[in-house]
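> Residue-level listing of the chains:
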Amino acid sequence: MFKKPINIISFLLLFVFAILPLVLGFGFAVAYSFGLIGVLNKGFTLENWLALFENNDVVISFIYSAWLAIASLTISVVVSMAIAINFNKKFSKGIYSYLVYMPLAFPSIVAAFFFAQFLGNAGILSRICYQLGIIDKIQSFPNLINDQYSIGIIIAQFFLSLPFFTLLYTGLYQTERIDDYTKLANSLGAKNRQSIFRISIPILFKKSFPNIVLYFIFKIGAYEVPLLLGRSSPETVSVLAVRKLQKFNLYDIPQGYAIAVIYTIIILSLLMLVLKTNKNEYDI
Amino acid sequence: MLKLKTILSGIVILSVFACNNDRKTANGSKDENNDPMMKQSWEQIEQKAKGSTVTWMKWTGDKKANKYIDDILIPRIKNRFGITLKIIPGQGPSIVSSIMSEREANVEKGQTDMVWINGETFFQIQQIKGLYGPFTYKLPSSQYINYEDPIIKYDFQQDIKGYEAPWGKASFIALTDGAKVKNPPVSMQDFETYWKANPGKFTLSLDFTGYTLLKTWLIELAGGIDNLKGDFDQKKYDKYSAQLWDFINRNKKYFWKKGETFPDNAVTIAQLYATGEVNFGFSFGFTAVDKGIKEGLFPKTTIGYVLKPGSIHNTSYLAIPFNASNKEGALVVINYLLSPEAQIEKSDINNGGGTPVFDVSKLSPELKAKYDALEKPKYGMTEEEVLAKAIVEPHSMYMIKVAEDFRKKVIDKK
Amino acid sequence: MSTTFKKRNIFLWLLALAFITPIITLFFLSFSKNWQFPAILPKQFTLENWRYLFFSGGNIAPSFVISLVIALSVATFSTLFGFIASKYIAYHKFRSKLLMLTYFPFALSPVIFALCLKFFFIKMSLTGNVEGIILAQLIIAFPYSVIFFTGFWSQKIKQYEDLVATLGGTTSYAFRKIVMPIAKSLILVCFFQCFLISWFEFGLTSIIGYGKVETLTIKVYQFITEANIFYAALSCCLLILPPVILLWFNKKFIIQQAK
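Residue numbers (numbering that gives the first Met the number 0), protein chains in the order written: chain A, 0 to 283; chain B, 0 to 413; chain C, 0 to 258.
Derived from the structure by calculation, the hints contain no laboratory data. Values in this document were obtained by computation on a predicted structure and should not be read as measured data. Note that CB positions come from ideal geometry on N, CA and C, so glycine has one too. A hint or two may mislead.
Unchecked claim - So, partial list: chain B residues that the calculated Cβ filter (under 7 Å) puts toward chain A:
(1) A104
(2) N105
(3) K108
(4) Y253
(5) E259
(6) N264
(7) T267
(8) E276
(9) E365
(10) A368
(11) K377
(12) T381
(13) E403
(14) D404
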């Protein structure tokens, strides 16, 4: 197995930086959640797990995280497909090819901060509406952050993921030679609409599906954006886990680790599913 | 399968040293007074501390206080004692969790040398034997402090036993804009009436300020603080808290954003108050009103007032984690922070504001004159007015329970 | 035709606006003071925020330097290690299984991962210091780099290498003359990607860094919790600056980013 020293080094690198942390972290979370370690724990118990499922907070949190990821992804996919199909040339060079990548320069926390300042009740948009006479007082401005429908989170996530998908689709548009197909279809008598909905969109969607799922997996764990723009309840998985592990009640800590365990199992199973069903490799 | 085995063996290893951990903790209750470190003279301690770094974990939500610490305190401590003071942000729960993780990992040289805590944080850290002490008897500045004063001796009904050195006193007040709110609501009933007439203009924060408001109402429901004095009483708590959650749940639709979300901290509420989104703020410290007005944040018509059951009055303390790596340095810094000079400066409304911890009768005439010469608040209540209505903190468990149940019974309840 | 043309233009204008507004806003806010509702522009534009944070006690310059040191180290190590380890994986008989294993740490939420690993970092005295942060960030950036390069070691490269070997060339010759020239630009891209992963990191850094290592993202969060929006905006500007420069310098460095 290790014919050359370089192979030993490679294996060690993989082991130390990728495999070991995962095993240790997961093992620790499992052990803590079952009361095997921790100063306030007194040996093996199922109590923490039972307490976690006494109410449906955790389930709601997972559904909520998934819903946020799906909502922002859907918008990103639709808009970036529209860009790829309609403005393919404009976005492959020139000023737009620079502008569209702007959000890539934004860390999540900066994007969250900006949207808080922009969409908040006393934010820029609200001030503009006031100056234009659309609203007459601060309260009349709709809640766009820390709001019931999580609009702020979805917009911020959309902003962050748009360049990624625009890039993907403008790239696919060219490599999959969609232009040629649509021209062919049009010459055979298909209408513009038809060729878009029957050819361009299905090809792009199918080709990008694994990327969409991978992105979905990343976004379920989103932390900074929901932390700053979300409501007190429901919380996304990351925010909930951090609160349980770092906030008020010491006896909540094992539950926090139980959430980490559930999260890890879900994410890793999803990931295995995607990677297994798709034999191709994904370049990031 | 192989992976599962590795994980399982990992767990076994972990649980082995977890047991180890427990044993050490059980034996760890050595008498701290015999710690050789504490046997040194104060001069030796100061000498040892020279050139060291002290890491102080504290709540950093007060802009003015931060600026005072950054611009004046840190350079002075460097000049006078040769100590580099480093602030790291963290309030109650994160202080507890960081000390706890170090306890679990058996870390001998911890990350923090001193912490700013009180109440439930003190209570929780004591549960995990997370503090070093007793140490207050060693501080020369202790001569100015009356440790028998109940407001200092008991931190949320719990005897500090020399494990905490008092740093500031604070009283809980409500603030509102007198121009907008003619008759500020004082009792719960007043609030209910106000909310119904003015929906969306009230909220509370998910931090100690908000929870203190909830405790104030709990005291009102219990018919006064006398009923909740002493140890935590589950029966009483269940009775009055049920009424409290009912009161909030039936009214939260009149809160800011329909009570569907609450700001994380009092700083955010101050901002909401400043922009006029809500009409009430809450704060520890009668100087909060003046500070807000001076900063240009609050309207000049802002007034401070005390709610019906009284103003919850507490002391906040400085303490040393059990595994602080620079205990000498921490002692020197704490001693300086307790000194009349630093206390008077801190009480200045241009810096932190608040009530100093020294016993005025123990001050020299010069120091007393200096204290009396401090700029008096112009807009809020005077110290005497607030103190006349001061009540003590109920036991820490009330805070912990209120915080937990507010989430369970109000926030998470649809 | 003309109406659709107009509609298209409006759409483009809106997009352009959406991309440019955040940067302009943050930039303006960093020079602002006294920004009361409902004024759109602040009462005062001032250099004071910049001056205070850079020259008197505000400590933003050290944060910038710390972030830079961490990001450069993480980028260097993860690119180097990833390049080496990826070849091992690419030619391994369990290629897909190993690749999946490297995907795992990369897919997990860094903040949750950090909470589970915190204990071990404390044990090794790696909390609250720069070394700890670098190691912790390597745990996310290294898998990225491995995955990034695994695609590079294609059959084609293997064939080139084999060809050199049959023609009597040494491995190091093949590496210098064949592999490196092809890999050079990819290595650069990977380096900048890893740099950004580190530069943007917040959750994991806040847990492992303990608040002691004040990177720029940590500073932004601190200022937000103090409701100090002008300082927060200023720190945001500093965070955006390097990626924007990179973007201007060469789009390629930045556009591969996935996360």
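> Now tell me if each hint is right for this structure.
Consistency of the hints with the structure:
1. A104: Violated: closest Cβ of chain A sits about 10 Å from A104 (chain B), beyond 7 Å.
2. N105: 10 Å, violated
3. K108: Violated: closest Cβ of chain A sits about 18 Å from K108 (chain B), beyond 7 Å.
4. Y253: 12 Å, violated
5. E259: Holds. Min distance 6 Å.
6. N264: Given a least distance of 12 Å, the restraint on N264 (chain B) is violated.
7. T267: This hint is violated: T267 (chain B) lies away from chain A, its Cβ roughly 10 Å from the closest one there, beyond 7 Å.
8. E276: At 5 Å from the nearest chain A Cβ, E276 (chain B) passes the 7 Å test, so the hint holds.
9. E365: E365 (chain B) check fails; min Cβ-Cβ to chain A is 44 Å, beyond 7 Å.
10. A368: It is violated, given that the least Cβ distance between A368 (chain B) and chain A is near 44 Å, above 7 Å.
11. K377: Where the cut-off is 7 Å and the nearest Cβ of chain A is about 27 Å from K377 (chain B), the hint is violated.
12. T381: Interface hint status for T381 (chain B): violated (32 Å vs cutoff 7 Å).
13. E403: With a closest approach of 6 Å, the E403 (chain B) hint holds.
14. D404: With a closest approach of 11 Å, the D404 (chain B) hint is violated.
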